[in-house]
Amino acid sequence: VAIVAATSTSTAGGETNPDAVFYHGTSVSSGLRLLNGAPLSLEAAAANKIDGPLGFYLATDPAAAEFFAGRRETGMILQYDISGRALNGLIAGGAALGPIPQGRFPFPFPGTQLAILPSQFVQFNSLVVRRSITILPYRRK
Amino acid sequence: VKYTLKDIEILDDAIAIIRRNPIFYGGEPPRGARLAAALARDLIEYGDLPVSVDFLEGWWIVACEKDWLSGEGRSVYWSRIIPTPEVARESMRSEVLLTAFSKGLLTMAERKVQWIVKGPEIPKALENLIKLKSHGDFQGRIAAFTVD
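Those sequence lines, one after another, are chains L and F. In terms of this note's numbering, the first sequence has 118 at position 118, counting the first letter as 1, and numbering is strictly consecutive. In terms of this note's numbering, the second sequence has 31 at position 31, counting the first letter as 1, and numbering is strictly consecutive.
Just so you know, the hints here were simulated from the structure itself, not pulled from any lab data. All C-beta atoms in this analysis are idealised placements derived from N, C-alpha and C, irrespective of residue type, glycine included. Among the hints, a few may not be true.
Partial list, computed: chain L residues near chain F (C-beta under 8 Å) [said to hold, decoys possible]:
#	residue
1	Ser30
2	Leu32
3	Ala38
4	Ser41
5	Gly75
6	Pro101
7	Phe109
8	Arg139
Produce the complete structure using the sequences and hints provided.
This is how it looks when you write it as structure tokens:
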């Protein structure tokens, strides 16, 4: 699997893996909940959904995440650092790494997205607990 | 609780978000024709017809026989990124793009003119159009803006 957002290497789970960095644009309330340990859930995903299929979406480009955050009255961006093994496991489990659907937006979005299926929320949450996925607040440089 | 509002960057200024992000306009900041086309396209696709577009002495004018912002809470269309999932995913209304990139932007409905972006003096032709619409039985809305 090509990890398009690979920026560095680190040791996770006792092995050296490339880290993939993704961004998630959301509302402040939802972002703070996720930062403080709330797991992904079907209920929260449905409550926060604006459009598109139910799921959890991560973008490789913070500018794309800012668009999605900007659609909220007050938005924020979360940074997800994902180990290579975790990313491969998510993709093997059905997560799709590919272009962000353009929908009605007039221009293509930069970067790609990782679309986590609702059926993978348990897998994703487990990776967060095991610190194979780290969630941080993102600030624009 | 590990994180609070103090730890995050709150994104609540749609105009700033749009101006700093070329993804909203595809590279170069948009010229008037593209903005007028975006608004007209919205009106067409959302069924607010009939709509007309004109260009008078440096000002683009999008006029609609319906007041497309008459619904409750729609005045925020000028200042927020408003998705329209009922039409398509990854969608947004175009009014806020006009606010972000206009040097002057006004709208007229119900015989009242409202400046969204206070700009230069409007040309006589636009002033006359507004007077005409104000005194007739016009039930719609006009958006007029200048970019350059």
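Violated hints - listed by number, lowest first:
Hint check: 1, 3 and 4 fail, others pass.
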